[in-house]
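J.: Please put together the full structure from these sequences, using the hints given.
Same order as they appear, the protein sequences are chains A and B. When the letters of the first sequence are read in order and numbered with the working numbering, they come out as residues 8 to 254. When the letters of the second sequence are read in order and numbered with the working numbering, they come out as residues 51 to 306.
A few of these clues could be false.
[What the hints assert, rightly or not] Sample of chain B residues with no beta-carbon within 10 Å of chain A, all distances over it, derived:
1) 58
2) 170
3) 225
4) 251
5) 265
6) 290
7) 292
8) 303
[As the list claims (entries may be wrong)] The list that follows gives simulated cross-link-like pairs (lysine to aspartate or glutamate, EDC-like), each with its CA atoms no further than 16 Å apart:
9) B/201 <-> B/138
10) A/57 <-> A/78
11) B/201 <-> B/177
12) A/57 <-> B/251
13) A/57 <-> B/252
14) B/201 <-> B/237
These aren't lab readings, by the way, just hints derived from the structure by calculation. Glycine residues also receive a C-beta, built at the ideal position from the N, C-alpha and C atoms.
Now for the letters of each chain:
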Amino acid sequence: MLEITNLHVSVADKPILKGLTLSVPAGEVHAVMGPNGAGKSTLAHVLGGKPGYEVTAGSVTFRGEDLLALEPHERAARGLFLGFQYPVEIPGVSNVQFLREALNAQRKARGEEPLSGGEFLKLAREKAALLKMDMEMLKRQVNVGFSGGEKKRAEMVQMGILDPAFAVLDETDSGLDIDALRIVGAGINAIMRSADKAVLLITHYQRLLDVVAPDKVSVLADGRILETGGPELALRLEAEGYDAVLA
Amino acid sequence: MAEAATLPTRRDEAWRYADIDAIARLGAEALAQWQALDVPAGTSLTRCLVVGADAPEVQRWRVRLEDSARAGFFIVNRGGDYTRVELEVHLARGAHFEFGGVTIGGANEQGGVTREFVTTVIHAEPEASSNQVVRAVHWGGASGNFLGQIKVARHAQKTDAAQDFKGLLLEAGASANAVPQLEIFADDVKCAHGATVGALDEAARFYMMARGIAPATAQRLLVQAFIGDAFVALADEAERERLLDAALGVLEGARL
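T.: What follows is the structure in structure tokens.
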């Protein structure tokens, strides 16, 4: 579903990704772990199409299409979702307005009919309940005044509403307490665990992987994937640390 | 009501950012026209205006609020040439004045266009309040100005006056100017003013695009949120929609 081949990415002329190769087929949850500064967030940003990241070599193919040639909103319409490590606050725009615009823009791009206000609210209510989020929160401004944990839960409500084929989740577990972690993990499973979907789960810690059991685990360090294995690799990293495993 | 027919110059504080050439084309006669409004004691008045055409325009309003009267002016200034709206407001005891203003637009064929609000709010008696919120959204070498003067008379104790200006510049070369001027002769008053100017929040725009919203729509939503502050105090929802549509309509025609 997602094929990353020999990807080189620079930020302000500084090489961050240095020949990263990774393949995530449909039906797979693939965790990417790695020390600070390894390039994990750069990988997420470049997949999402954030400005300021220069691809100097390599390719990314998403469902057979050149992902890097698409604008961020076109990537979203093709079914890619980027879960932000730091979700952005948008004063003056409500979650409901934002998400309805987003969903209907995606539907339009795919040649589907827009959802009416009533249909949208029904869908939003359902997904908010899945993440145990009060519907009143969705009527408030996007992420404004939300705690760190609420922002991450709101990201998952967004993912539920937009129903992507592929999710890149950048440290969705950071800033979550134990209960919120379980709720978010269960949300990821409910929304994304399917034979025709896939997830790239970027994380520092084993604790999210206890809830969202990954099929594969890769270690990203110094801009490359250095090792790929099954879930046991994450447990080894947790027990022994990056230095020992990569030595 | 006609006054001395002389043209102002940039040395006049209230005209320092004005388009003097446009004013000359307009002529002194046009400047001498004031529209007067009296708001009787205890009554309330709301004016919602969309101002601006393809020629220079100056509107001057003199509004007098009697005891405990309320007046709200909500104005979109979207002229295709120099457009200036002046409000001179006189507040008696316990009166309240609310102003929400938006200047929005780019250049015309001759170049940058100046759009401005100039207010003088006179707290002549105790316990009156005023609140002014102005938002300026510009591109293509255009500028938006807010010159806001607040005068508090010596015995106008318990005055509560506020002024808030924010400029959003969508392109390099556009500008926004805020000139708050406070003359306070009473000692028990609250007078607040703030001014900021910035560019579009690129992080918010990318966040919206990452969710599937096209860049032009993201920009419209962000501008709508930005100018919405000016009309928060307008209770009439239909009028609020009309003003927002009038402002956002200018953005739609822009090539950004």
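J.: For residue 170 of chain B, is the shortest beta carbon distance to chain A beyond 10 Å?
T.: holds (29 Å)
J.: Does residue 237 of chain B sit within 16 Å of residue 201 of chain B, going by the straight-line distance between their CA atoms?
T.: It holds: about 13 Å lies between the C-alpha atoms, which stays within 16 Å.
J.: Are all C-beta atoms of chain A more than 10 Å from that of residue 58 of chain B?
T.: holds (36 Å)
J.: Hey, does residue 292 of chain B actually stay past 10 Å from chain A on C-beta?
T.: holds (19 Å)
J.: Check whether the Cα positions of residue 57 of chain A and residue 78 of chain A lie no farther apart than 16 Å.
T.: Holds, at about 9 Å.
J.: Does residue 57 of chain A pair with residue 252 of chain B here, judged by a C-alpha cut-off of 16 Å?
T.: holds (10 Å)
J.: Please verify that the nearest CB of chain A lies beyond 10 Å from residue 290 of chain B's CB.
T.: holds (13 Å)
J.: Is the straight-line distance between the alpha-carbon of residue 201 of chain B and that of residue 138 of chain B 16 Å or less?
T.: holds (11 Å)
J.: Measuring Cβ to Cβ, find out whether residue 225 of chain B lies farther than 10 Å from everything in chain A.
T.: holds (23 Å)
J.: Within a Cα-Cα threshold of 16 Å, do residue 201 of chain B and residue 177 of chain B meet the stated pairing?
T.: Within the cut-off at roughly 14 Å; holds.
J.: Is the Cα-Cα distance between residue 57 of chain A and residue 251 of chain B 16 Å or less?
T.: holds (14 Å)
J.: Classify the label on residue 265 of chain B as holds or violated, using whether its beta-carbon is more than 10 Å from each beta-carbon of chain A.
T.: Contrary to the label, residue 265 of chain B does not stay out of reach of chain A, its closest Cβ about 7 Å off (not over 10 Å).
Checked against the numbered hints above, the structure breaks hints 4 and 5 and satisfies the rest.
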